[in-house]
Structure formats: structure tokens, C-alpha cells
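Trainee: These are the residues of each chain, in order.
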Amino acid sequence: MTKTDENMLAETTTSADEKPPTSTSAQSTAANDNQPEVVAIHIDNFNAFYGDFQAITDVNLKVPARKVTAFIGPSGCGKSTLLKWCNRMNDIVPIAHASGKLKVGDINVLDQKTDVVSLRRRVGMVFQKANPFPKSIYDNVAYGPRLHYKVSRNDLDDLVEWSLQKAALWSEVKDRLHKSALGLSGGQQQRLCIARAIAVGPEILLMDEPCSALDPASTARIEDLIFELRGQYTIVIVTHNMQQAARCSDRTAFFFEGKIVEEGATDQVFTRPQEQQTEDYVTGKFG
Amino acid sequence: MNSPLKQELEHRSEQGRTRLSGYFAVTCLLVSSLAIVILATLLFSILYTGGSWLNFDFLSGTHRENNPEESGIGQAIIGSLVICSICGLAALPIGVGTAIFLEEFQPRNRFLRMFHGLVQLNINNLAGVPSIVYGILGLTAFVYMFGAFNSIKVNDQPDYEFGTSYYYQVKTLGDTFVKFPARKEIHATFEIRNPIRADRANGESFLLKVFSRSDDEKKFENDRSSAVFRGVLANLETRDDQQIYVVQTMDGSEVTFPAQPSYSSFAKILEPIEVVGPDGESFQLNVLAKSDDVPSDEQLKARSVFADSPDPKRRSSASIFSEPTPLHFHLPFSKSVLSAGLTLALVILPIVIIASQEAIRGVPQTLREAAYGMGATRWQVVRGAVLPSATPGIMTGAILAMSRAVGEAAPLLAVMGGVLGTTTGLRSLMDKTPALPVTIFKWAGDENAGFENTSAAAIIVLLVFLLLMNSIAIYIRYRYESPATK
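Protein chains in written order, with the numbering used here: chain A, 283 to 569; chain B, 19 to 504.
It is possible that part of the hints are untrue.
Pairwise CB distance ranges, derived in the manner of DEER restraints [unchecked claim]: (1) B:A43 x A:D457: 52 to 60 Å; (2) B:G181 x A:H379: 49 to 57 Å; (3) B:A58 x A:H460: 46 to 54 Å; (4) B:Q124 x A:N329: 54 to 62 Å; (5) A:K432 x B:L61: 57 to 65 Å; (6) B:G40 x A:H379: 57 to 65 Å; (7) B:L57 x A:Y332: 46 to 54 Å; (8) A:T396 x B:N127: 14 to 22 Å; (9) A:K432 x B:I204: 53 to 61 Å; (10) A:F568 x B:N127: 38 to 46 Å; (11) A:T396 x B:S103: 53 to 61 Å; (12) A:P498 x B:Q124: 33 to 41 Å; (13) B:S103 x A:W444: 42 to 50 Å; (14) A:Y332 x B:G435: 54 to 62 Å.
It should be emphasised that the hints constitute simulated quantities derived from the structure, not laboratory data. A virtual CB, placed ideally from N, CA and C, is assigned to each residue, including glycine.
My request is simple: use the sequences and hints to build the entire structure.
Mentor: Below you can see the structure in the form of C-alpha cells.
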């Protein structure tokens with residue numbers, strides 16, 4: 283399978299506002315502080331609406347490439363809306379519209395002329411509730427490649443195995459590839475959805491509360507997986523689980539009432555928040 | 019804080035309330051059992067009247083005038099099956115397509131949204147329209163096709179037709195029928211029945227109007243120079259090496275139109291020709307002069323006709339008839355099984371659309387999101403994610419709708435008339451055919467009391483059909499219902 287040159291997409295900026303993280307947290311070591319940040323998603327003065335209701339107001343954000351960025355915040359704060367705009371999933375909602383600048387690599391996402399099909403191939407999505415197709419495990423993973431490419435049977439076999447291995451599911455399902463995906467457990471189904479998203483070769487993975495419907499053991503496996511995938515994919519994860527954000531993200535953005543209150547390195551946001559609201563939220567005073 | 023409910027309020031009798039509730043339950047039970055009793059009575063009386071008539075001869079036979087004992091419903095069963103198939107084949111793609119448009123293609127554009135809403139509103143209303151109204155619609159739309167083509171008359175050839183061969187048929191002196199192929203030719207006269215494009219002597223081209231002799235004169239007093247009466251004959255002439263028909267309009271001015279070859283309804287036999295006999299053998303037809311005697315040899319008699327003569331007793335002009343292949347097709351569809359099937363498709367279309375919409379709406383939104391999220395186009399989402407999940411629901415709805423169609427009599431009566439049987443059977447989609455509900459309706463109203471029994475027997479067959487179709491629908495629903503829960 284051909285993987286597009288990721289650097290072609292990524293916009294290189296020398297971000298002056300990035301303060302080098304000074305913490306001892308494991309995550310921060312992965313981010314090489316001295317090299318210029320590669321920005322995967324560039325958001326400028328972004329506003330999003332559902333009909334007359336403004337869901338997001340003036341959001342500015344740079345999502346670094348090949349790192350994990352967590353969006354946290356109380357329900358209805360606009361974090362899922364922003365995530366869905368990143369690959370235009372809001373097109374399904376007839377009343378949704380947005381203004382401002384939202385760039386994924388060199389693609390201007392909000393431009394009506396943008397080809398959403400190729401955008402979504404490059405920006406994959408994993409949803410809150412595992413949503414495998416009522417098909418076999420194999421066909422689920424092969425669905426995306428079949429949509430976009432003319433692949434031979436052998437290549438497809440290899441690709442399915444590779445994707446399932448990436449999603450840490452191969453050993454559990456290799457003997458039942460052609461059984462229905464609906465027979466898998468919830469956690470397995472969610473990992474299958476991640477494998478399915480990986481199979482088309484995206485550069486960015488959007489995850490909308492991927493563990494909120496799972497038990498703690500399955501959640502831990504998904505978090506491990508996210509940890510393994512960083513460095514290869516740009517991952518944006520929306521979560522209600524503060525510990526999860528703290529455990530597996532490099533950077534965190536705290537949303538409140540459609541605005542970003544604070545954005546920074548994860549350990550900084552959680553241990554030394556600059557804003558009172560952030561501190562109240564991460565310490566559990568509200569939300 | 020104290021509740022505003024006052025403690026000293028008088029209590030309603032607990033007993034009285036319970037008793038009233040009991041009465042209510044009993045009333046409900048009685049009312050619902052009434053429906054069961056009526057249904058049981060109906061079934062019993064039908065089985066009693068018609069049950070003993072059910073046998074193989076009845077199921078395979080055809081209608082016989084005034085002879086209920088030998089009548090059967092073979093043609094009607096085949097007719098109903100064919101009509102039902104046409105109906106399903108037409109209604110399913112259109113219905114599912116409309117449902118997909120309404121459910122999956124929700125437009126952002128304000129004008130398209132209004133169109134969308136209008137279609138939805140219409141479909142909801144159309145579901146309640148009586149089927150006879152659809153019958154009249156089918157009559158206009160399919161049988162006559164809004165008069166866009168020349169209407170088809172007995173022994174006349176439609177303008178747009180293929181898949182049939184025309185023969186002339188003539189009765190021999192031995193009372194057998196022989197036939198020979200008909201050819202289109204330019205006839206010496208042309209009977210004007212429909213408006214036609216014509217030219218004046220000065221080269222002006224115009225539409226020659228046709229009025230009936232019974233029309234009020236005021237209708238055509240301004241059109242005398244460009245109109246003729248229906249049935250006026252135009253004569254063939256050769257001018258400038260071209261064959262044209264010439265006719266005089268009402269005011270006596272001469273107009274012309276080009277001559278086209280056509281079949282004539284009758285052919286004169288003046289000289290021996292090659293014909294095909296009743297057993298398929300071909301031979302030379304023996305043509306006698308009007309003064310000749312009738313041959314005494316039977317075999318010769320069966321191969322002889324008199325030449326066309328002014329003496330009506332000895333005239334042997336051949337009349338045209340057609341032998342359709344199974345692919346026979348013409349426009350307009352006229353009173354045919356195709357018109358009937360398409361009309362029934364109109365009847366069930368709203369039901370199919372609504373059922374398909376329900377089925378598509380039942381597909382979890384998460385499946386759509388999954389497919390869209392992978393970069394599927396709208397068509398790929400519909401084909402790969404929505405339709406596979408919605409198919410059992412769509413099929414159930416379609417079968418239930420077809421089981422309604424198979425029992426409809428009114429649209430068939432409007433579109434095909436009350437056909438009870440045909441001599442040839444169903445040879446092509448352009449033929450008429452009897453159908454079960456029409457047969458039941460006609461038999462039930464027949465003066466011959468014996469047909470009441472055959473009518474009841476036909477009802478049993480129809481009920482078995484309905485039961486079968488509904489069982490299939492229930493089976494599909496049961497078999498494919500949410501595989502995740504099994």
C-alpha cells in the first residue's frame with residue numbers, strides 16, 4: 283500500500299509560544315523539545331454552529347503531528363464538534379456550518395470544494411461506540427481499502443493482518459477472521475474499528491471518546507494501543523476521563539462553553555494549570 | 019412543607035373503581051372476540067360453499083360461459099402471478115430509490131429541501147388514495163398514454179410496435195382457416211381518422227384537423243379550410259414521381275400528404291397464393307372464379323376459395339390478425355397485462371416507499387458514520403452499509419404491499435375490463451388476462467347461481483396466496499431481525 287508522504291501535509295512552524303516542558307512526566311520525553319514542531323491540524327478563528335446555536339467560538343489551536351492531543355471539557359463544550367469538523371463528519375448534519383480557518387496539512391477543510399472522500403482517507407475516525415459493520419472481521423478491515431484502492435487478494439490479506447497487528451487484535455482473531463465482527467467483545471470491537479481506520483493509511487486518527495463504553499480492562503488495552511500508535515499517527519482524542527487524558531496524551535486542550543480555556547503540555551495543564559477554571563475542572567470541582 | 023392536598027377530602031370508593039376497571043376489560047374482550055367470530059364465520063362459509071369445488075381441473079381450467087361445473091381459474095392464477103411480478107419489478111426499484119432519496123439525501127439547499135418536503139407530504143397522502151382512483155390514472159397514463167400516440171383499435175396496427183407478425187386469414191370452402199403473411203403497402207385510398215400533417219398547394223405545411231360529423235358546426239366553422247370529417251378518404255396520386263394522398267378540406271380546397279405504407283384490414287384474393295393451412299402445412303390456394311362450381315372433393319374444398327366477388331355469399335376477403343411473440347410490445351400499452359401491472363405498482367408505490375423509509379431509518383446511524391468516516395462516498399455508504407442492513411425490512415414491506423396488490427380488483431377492472439378468460443391465454447405482455455380478484459368479482463355477480471361456488475373456491479385460493487405471502491414476510495422479518503441479539 284502506498285503511504286502518502288506525510289511531510290507533504292505537515293506545516294512546519296517554529297512556534298514561539300511553545301514553552302519547553304520542564305516536567306518529569308513520561309510523555310514529555312517523547313516530544314523532542316529542540317526540534318521545530320510539525321503542525322498537523324491548524325485551527326484559526328474557528329466558529330461552528332448548529333443552525334443558530336454557536337457551538338464553538340473563536341478557537342485557535344495547533345495540533346502537533348505524530349503526538350497525542352487530548353480534548354477535555356464538560357459535556358456540550360464543543361470538543362466533539364471540533365473533532366468532527368476535522369474530517370467534515372458534520373456534513374451528515376444538515377444544519378451544521380462553520381467559519382474560520384481549519385487546515386489539515388495543506389487541505390483547507392472548510393472549503394466546499396475540498397474532496398471529503400480523500401480528506402477522510404487521510405483523517406480517520408474512531409467513534410464513541412464501537413460500530414463494526416455486520417460483516418466478517420476480515421471484511422470490516424478490508425472495507426476502507428476496498429473503497430479507495432484496487433488491491434489484489436494477497437495484498438489485502440497482508441494489509442488486514444498488518445492492520446490487526448497494529449491494533450493489537452491479530453492474535454485474538456486470527457483464527458476467526460471470517461466470523462461476524464458482532465461476535466467480538468466491546469473492547470475487541472473498538473480495537474477492530476481502530477484497525478479498520480488504520481487500514482486506509484491515514485495520517486491523523488480522530489478518536490471521539492473511544493473508551494467511554496468500555497470496561498476498565500478494555501480501556502487499558504486501548505490506552506496502551508494509543509500509546510503505541512503515537513509517533514506514527516497524529517492522534518486527537520476527546521475524553522471525559524481526566525486520568526485517561528493525563529495517562530496517554532502529550533498535549534491537552536481544555537474546552538469550556540465553546541472556547542479553549544487552556545492548551546498546553548499535558549502535565550502542565552494537569553499539575554500547574556494557568557487558569558482557575560482549568561484547575562477547578564481537572565481537580566473535579568465541577569464537570 | 020405540607021402538601022396542598024387536604025386530608026379531609028372524601029375518598030372515592032376503591033371497590034367501585036376496581037369493578038369499573040373489570041367491566042372495561044370484559045368489554046374490550048367482547049369487542050375483540052367479535053372480530054374473530056366474524057372472521058371465523060366468513061372462513062367457514064367460504065370453505066363450506068367452495069371447498070368441495072377445489073380440484074385439479076378447477077385450478078387449471080378456464081372460465082366457461084354458463085357452465086360453472088367446468089369453469090376453472092388456471093388463467094386467472096397465471097394472470098395474477100404475472101401482474102403481481104410486473105407490479106413488484108416496477109414498484110421495488112422506484113420505491114426503494116425514492117426512499118433512499120428521502121432518507122439519505124437530505125439536501126442543504128433551501129429549494130431542494132422544499133422539494134424534499136413536498137415529495138414526502140405527497141407520499142404520505144397518496145398512501146390513502148382509493149385504488150380505483152389509481153385505476154383511472156393507469157387508464158390515462160398507461161392504456162392511452164395521455165393520447166400521445168394514436169389509439170389502438172381492433173384489427174388496427176399501432177404506430178410503435180414490434181414483436182408481432184401480421185397475417186391475413188381466410189375461410190376456405192371446406193370451412194377451415196388458412197393464413198398468409200400481410201405486407202405493408204401503399205393503398206389506393208387512405209381513411210383519415212386522426213389529425214395529420216398536410217401541405218397546401220402553395221407549399222404551406224399545417225396540421226389537418228379531424229372533426230366528427232356529429233360535432234356542432236360552431237366547433238369547426240373557423241377551421242373549414244384546414245379540417246376534414248373523420249373517415250374521409252384520401253386518394254392516391256402520383257405527382258412529380260412521388261406518391262401522395264390528396265384530400266379536400268371542408269371548404270373544398272385540395273391538400274396533400276405523403277403516402278406511407280400500411281396494413282389494410284382486409285385483403286382481396288384474386289389469384290392463387292401460397293398459404294399455411296390449419297395443420298401448419300403450406301400449399302397453393304386454389305382460387306375459383308365466381309362462375310365455377312364448388313368442388314365436391316373435401317380435400318380440394320379445404321384448399322379452395324372464391325376470388326373476391328361482389329356476391330356476398332361467394333366473397334372471400336381475408337381479414338388481418340396478429341400472432342404476437344412473447345416480446346410483443348407496442349405504444350400505448352392499451353388494455354394489457356403490462357398496463358395492469360404498472361397500475362398496481364402505482365397503488366403499492368406509497369406503501370413500498372414508506373416501508374423502505376422505515377427500514378432505512380432503522381439502520382443505526384453509527385453504521386453510516388463508520389462508512390462516511392472511512393471516506394465512503396454517499397453511494398458507497400448506501401450500497402455498502404445502509405442497503406444490506408435495510409434489505410430484510412424492505413423485502414418485508416414489499417411482500418406485504420404485493421399481497422395487497424394481488425387482491426386488488428378495482429384497478430384491474432378499470433385498466434383491463436372484466437376479463438374472465440381469453441381463447442389464446444397469455445402470450446405476451448400486450449395481452450389481456452383474467453386475474454383472481456376480477457374473476458371472483460365477476461363470478462359472484464353472475465346470474466348463474468353455480469358461479470357462487472366457484473367464486474368461493476377462487477376466494478380460498480386467493481386467501482391461500484395472501485397467507486403464503488404474509489408468512490414469507492413474517493419469516494424474513496424473524497430470520498433477519500437484528501442478528502446481534504441472536
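Trainee: Each hint needs a verdict: does it hold in this structure or not?
Mentor: Structure-based check of each hint:
| no. | hint | in the structure |
| --- | --- | --- |
| 1 | B:A43 x A:D457: 52 to 60 Å | 57 Å, holds |
| 2 | B:G181 x A:H379: 49 to 57 Å | 56 Å, holds |
| 3 | B:A58 x A:H460: 46 to 54 Å | 51 Å, holds |
| 4 | B:Q124 x A:N329: 54 to 62 Å | 23 Å, violated |
| 5 | A:K432 x B:L61: 57 to 65 Å | 60 Å, holds |
| 6 | B:G40 x A:H379: 57 to 65 Å | 59 Å, holds |
| 7 | B:L57 x A:Y332: 46 to 54 Å | 52 Å, holds |
| 8 | A:T396 x B:N127: 14 to 22 Å | 18 Å, holds |
| 9 | A:K432 x B:I204: 53 to 61 Å | 60 Å, holds |
| 10 | A:F568 x B:N127: 38 to 46 Å | 42 Å, holds |
| 11 | A:T396 x B:S103: 53 to 61 Å | 46 Å, violated |
| 12 | A:P498 x B:Q124: 33 to 41 Å | 39 Å, holds |
| 13 | B:S103 x A:W444: 42 to 50 Å | 48 Å, holds |
| 14 | A:Y332 x B:G435: 54 to 62 Å | 58 Å, holds |
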